[in-house]
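There are 4 protein chains.
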Amino acid sequence: NGHLPIEGRRKSCWYEEEIEDNLRWCFALNSILHTGSSQYQDIALLDTKPFGKALVIDGKLQSAETDEFIYHECLVHPALLQHPNPKTVFIMGGGEGSTAREILRHKTVDKVVMCDIDEEVVDFCKSHLDVNKEAFSSSRLQLIINDARAELEKSKECFDVIIGDLADPIEGGPCYQLYTKSFYESTVKPRLSEGGIFVTQAGPAGVFSHTEVFSCINNTLRQVFKYVVPYSAHIPSYADTWGWVMASDAPFTADAEELDIRTKQRIKGENRYLDGKTFASASTLCKAVRKSLAKETQVYTEGTARFIYGHGAVHK
Amino acid sequence: NGHLPIEGRRKSCWYEEEIEDNLRWCFALNSILHTGSSQYQDIALLDTKPFGKALVIDGKLQSAETDEFIYHECLVHPALLQHPNPKTVFIMGGGEGSTAREILRHKTVDKVVMCDIDEEVVDFCKSHLDVNKEAFSSSRLQLIINDARAELEKSKECFDVIIGDLADPIEGGPCYQLYTKSFYESTVKPRLSEGGIFVTQAGPAGVFSHTEVFSCINNTLRQVFKYVVPYSAHIPSYADTWGWVMASDAPFTADAEELDIRTKQRIKGENRYLDGKTFASASTLCKAVRKSLAKETQVYTEGTARFIYGHGAVHK
Amino acid sequence: NGHLPIEGRRKSCWYEEEIEDNLRWCFALNSILHTGSSQYQDIALLDTKPFGKALVIDGKLQSAETDEFIYHECLVHPALLQHPNPKTVFIMGGGEGSTAREILRHKTVDKVVMCDIDEEVVDFCKSHLDVNKEAFSSSRLQLIINDARAELEKSKECFDVIIGDLADPIEGGPCYQLYTKSFYESTVKPRLSEGGIFVTQAGPAGVFSHTEVFSCINNTLRQVFKYVVPYSAHIPSYADTWGWVMASDAPFTADAEELDIRTKQRIKGENRYLDGKTFASASTLCKAVRKSLAKETQVYTEGTARFIYGHGAVHK
Amino acid sequence: NGHLPIEGRRKSCWYEEEIEDNLRWCFALNSILHTGSSQYQDIALLDTKPFGKALVIDGKLQSAETDEFIYHECLVHPALLQHPNPKTVFIMGGGEGSTAREILRHKTVDKVVMCDIDEEVVDFCKSHLDVNKEAFSSSRLQLIINDARAELEKSKECFDVIIGDLADPIEGGPCYQLYTKSFYESTVKPRLSEGGIFVTQAGPAGVFSHTEVFSCINNTLRQVFKYVVPYSAHIPSYADTWGWVMASDAPFTADAEELDIRTKQRIKGENRYLDGKTFASASTLCKAVRKSLAKETQVYTEGTARFIYGHGAVHK
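Chains as they are written, first to last, in the numbering used here: chain A, 674 to 989; chain B, 674 to 989; chain C, 674 to 989; chain D, 674 to 989.
Just chain A, with the same shape it has in the complex:
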């Protein structure tokens, strides 16, 4: 028709996310590959120009093809490498499959239990994320569809490493209870073997954003475990630095050099992001964040909570 075609204007389709109330992050789109929904949440797989395939749940980017390795290497390897000989691992959440994939690279691991509440999301990822196909079909992986808390409460088994790969602790959100002092004390700790390690994703950890939940998760874990290590890394597709906290009643003894040795011995294939030096750097926070974490006094309990933008209402 008469509408004028214009040469060179090709970036017509965009994915757009409000990272915070007044801050938007937009990726040019190649295509919308798959969309679906479960009883808990909406899910989409987008093909983005800057970050490849992107998994989006309820309008929030979960993970992007080009840089999810940063998140998942940081979540999994420090804890598994600090442990002298991890054989069993429990994942709270993790339905995307990438956390299991990284764990299964560890030759010492016999058994991974992945417990996610949302079967449709798990099925969606199983079908569409080629990079995790092998992990999903591993005989060492046991997949359970259930609330991670209920599952851990009824379980009698102990694990060498327990990993929290859940949505952030928002008051009224689905995962809040999985970040409280009482949950860590009464449910997680009893399910760790002697010398066991707990690690959780801990939300944004930037110079400003670390006060949303990172400092509180860190402080809550300090109430329950003897040794607690917060660390962080910048993830380009998140437009922020992200945080994790690792905790145990046994000391973390492996230094950078020892981490590199264990990496070579135990992990199949090569890490792209994490090695001993990277972890040393990641666990040395900048002055502003370090001081802020030191001063944090709030503890997540059933009664208290902190708000974060968005008031998430679904379970990851």
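Keep in mind that the hints are not guaranteed to be accurate.
Copies of the same chain look alike in the list, so a pair counts if it fits in one copy or across any two.
Computed cross-link-like contacts, SDA-like style, restricted to lysine to any residue with a CA-CA straight-line distance of at most 25 angstroms [unchecked claim]:
{"no.": "1", "residue 1": "K799", "residue 2": "L706"}
{"no.": "2", "residue 1": "K780", "residue 2": "R813"}
{"no.": "3", "residue 1": "K722", "residue 2": "W687"}
{"no.": "4", "residue 1": "K899", "residue 2": "E691"}
{"no.": "5", "residue 1": "K829", "residue 2": "K941"}
{"no.": "6", "residue 1": "K722", "residue 2": "N703"}
{"no.": "7", "residue 1": "K899", "residue 2": "K950"}
{"no.": "8", "residue 1": "K937", "residue 2": "T957"}
{"no.": "9", "residue 1": "K950", "residue 2": "E867"}
{"no.": "10", "residue 1": "K941", "residue 2": "T781"}
{"no.": "11", "residue 1": "K968", "residue 2": "N944"}
{"no.": "12", "residue 1": "K684", "residue 2": "P723"}
{"no.": "13", "residue 1": "K941", "residue 2": "N805"}
{"no.": "14", "residue 1": "K684", "residue 2": "N695"}
{"no.": "15", "residue 1": "K854", "residue 2": "D783"}
{"no.": "16", "residue 1": "K937", "residue 2": "S965"}
{"no.": "17", "residue 1": "K780", "residue 2": "N944"}
{"no.": "18", "residue 1": "K862", "residue 2": "T761"}
{"no.": "19", "residue 1": "K964", "residue 2": "G725"}
{"no.": "20", "residue 1": "K760", "residue 2": "E867"}
{"no.": "21", "residue 1": "K941", "residue 2": "S965"}
{"no.": "22", "residue 1": "K899", "residue 2": "T957"}
{"no.": "23", "residue 1": "K899", "residue 2": "P924"}
{"no.": "24", "residue 1": "K968", "residue 2": "E943"}
These aren't lab readings, by the way, just hints derived from the structure by calculation.
Given chain A's structure and the hints, the job is docking chains B, C and D onto it.
Leaving out everything else, chains B, C and D in the frame of chain A:
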């Protein structure tokens, strides 16, 4: 992963177009249905929330499912109804198929020649635009892949109605030559039968935008034909009022009432937008545009041209 | 610092409005001239590239410098010209001042009462909209800060023309009660002089958008007045066709020619948009809208209402 | 007028930047405080909701009120603290004034020469950036309007520290020549005192973005100086990790503890971002970037260059 899902934020994907240099128009997207490209242009079929399926060529919306009927009823029916007995129609461009579809609703019409330069676009529309499937397969339609000018120049046939369904006349653009005085005089007019009518889409016709090309196309046709009628209609998905110009050496004699009678006699099915009163209204332009058209002195010739935003470089 | 400057990327600042749920309209900005807020609403005066100075209330464009003449000429002149000799006019709302400005161009008018509820908005417009400075200081203008309904109810005066320049009738919105059958019957009609005319803005009137409120306002007025004329015009900065409805118990006798004669006799200066032909065209709606209006059965009463996107909660 | 006001939609005005070709970053705006232009570039001071006042040059964010301290502490303090007793400092560029401000906090410093080519930008920042008012009026600051290269070439003075606070080295860009091997060898090095240190901002240093210019600047400096230290930090308003490179022919001997001691002795007021541990972390790059830097072979010479998005054409 740890990224926070937010309830209710579902409008993540958007189609965005710069209608003018400082003006953007954005539709929420359901999906990107098909994409392709030809030697001339890029093409996409999007599923948009506000306007249904949208055909986008080189980053410019061509036509949207929910309101393309306005454009195509306005382009086709006034000329065919003013003609006493239209049997043969030639379409310059029109690869989308909707113009042919509207023409084929006229029972008097024996033969429609549609001449578009871009075979891939025609094939794309044939495959994906269900609403035009019937038209594309009509035995009364003859489809030619060629430059409309070259085709008309070599043709010896005459047509009762010739319809211009081309991109706007941009200097240096692919269609500029199909809007000049010499083209109308030497190529179009000789191919019209006695009493034949020429009609063309004529670009934006809003209070401000009509000076881009509408007033000039109208003035150019006034140099060549005895009777010239500019008219316009607001098309929601274009975010503007659109214009068409109808021209002939025979007077346009049918009034609103007669148009309604002929519509009933000749057109299969019912129009949604156009009837006698609508055309009376559409061809009575507002004071600002009327005055501006009256004062226009420019004529499109091979030597002169007027710029429009975008400098289109492809053929529709 | 080290961030890379890029030549030619100057359109960094944008005004953005969600016209409907899935539809965005964005203007490049030169500057944000003034911002303020009242007890009822937020207000801003922006300098936009495509439409000049734009008055924005609660995130919705109210009026733009380059094309507000279309809205205000259409709101004011048809009613005042159809009236044989309008001396007194009452404006419900109209705090921007442009409606008063257009009325005051009529030499027959002795007195304009403008009744707006929001003093801060009125003061803001008085200070910042140069184009209305003269109108605001006219001795023929009486400005009242009050709810228009309360003011009309307590008034004992009658007016030749009453003009509704209010926000759309949204259930639960501030202006809903100023569009009901009972308000028109018991409050407006008794305040019209013999042969008096009521006219109101009537929301979007596009091929699709006219069902939001336009068709209902028209139908409600049909229940109360003998003669009702809906009409519409495309306003570029609104990205839509807009509607008005004029109503009276006296017939509208002036045809296009007579409107032009009265315009010359009564109105100082020249209209840009409206003349007799323009009004003839504007009041001849397209087939789709005409059929839809004819079939409309809903009437605004205190008990019924129709929802529109946005659920406005403030008074204009 | 009749347009519907909507409660709660307040984020109407946005600053938008294309960080890369397919990536957009948008801040909600409070206001556009000042705009201006020089012979070289356009300049604006915006008041943004997420990052406070933001200085934008030619459509690219230069520095934001809430987090510019990260960039400027990282640019200035490592070099000045590693130097045993810095008395004189030369800034190439730095017109914003923040680099001078940080340098002037050092009690050892007698003289700061700031050499920026764009007088209008310097004047704009002097007038509008309150946080740098004191620095601009310091008697220890000598401000020169000139090309930094020409100034250094004609200078006979030597400096303890030379700081590059310039736009990235884009081929054809205004600053490219200030990043070449020959410039470092023939112009910078001769102007460093015995034991002097050169440090430069070095563009984005993220897991992906470090290949744009960071790895090349680092490699170029390795050709010229004996000791070269690349380091990085995430800057929220840049939506990326940023890089700097420090170089000298004297070894960098101060460890984290010594840096903290010197900070206390020499710097007035307290750093917010940088201390000894932070620098240790910042200068320990992640595995991916470390490997990539090690493998980099390209050197900036007058003849070679690397393209970066945007082709900057102006001098900072």
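Tested hints:
no. : hint        : verdict
1   : K799 x L706 : both (14 angstroms within a copy, 23 angstroms between copies)
2   : K780 x R813 : within (11 angstroms within a copy, 62 angstroms between copies)
3   : K722 x W687 : both (9 angstroms within a copy, 14 angstroms between copies)
4   : K899 x E691 : neither (37 angstroms within a copy, 46 angstroms between copies)
5   : K829 x K941 : neither (30 angstroms within a copy, 58 angstroms between copies)
6   : K722 x N703 : both (6 angstroms within a copy, 18 angstroms between copies)
7   : K899 x K950 : both (24 angstroms within a copy, 23 angstroms between copies)
8   : K937 x T957 : both (23 angstroms within a copy, 20 angstroms between copies)
9   : K950 x E867 : neither (28 angstroms within a copy, 32 angstroms between copies)
10  : K941 x T781 : within (10 angstroms within a copy, 53 angstroms between copies)
11  : K968 x N944 : between (34 angstroms within a copy, 17 angstroms between copies)
12  : K684 x P723 : both (12 angstroms within a copy, 20 angstroms between copies)
13  : K941 x N805 : within (15 angstroms within a copy, 53 angstroms between copies)
14  : K684 x N695 : both (23 angstroms within a copy, 7 angstroms between copies)
15  : K854 x D783 : neither (29 angstroms within a copy, 54 angstroms between copies)
16  : K937 x S965 : between (35 angstroms within a copy, 20 angstroms between copies)
17  : K780 x N944 : within (14 angstroms within a copy, 45 angstroms between copies)
18  : K862 x T761 : within (15 angstroms within a copy, 57 angstroms between copies)
19  : K964 x G725 : between (37 angstroms within a copy, 23 angstroms between copies)
20  : K760 x E867 : within (12 angstroms within a copy, 57 angstroms between copies)
21  : K941 x S965 : between (38 angstroms within a copy, 22 angstroms between copies)
22  : K899 x T957 : within (19 angstroms within a copy, 27 angstroms between copies)
23  : K899 x P924 : within (8 angstroms within a copy, 40 angstroms between copies)
24  : K968 x E943 : between (38 angstroms within a copy, 17 angstroms between copies)
The structure fails hints 4, 5, 9, 15 (numbered hints given earlier, in ascending order).
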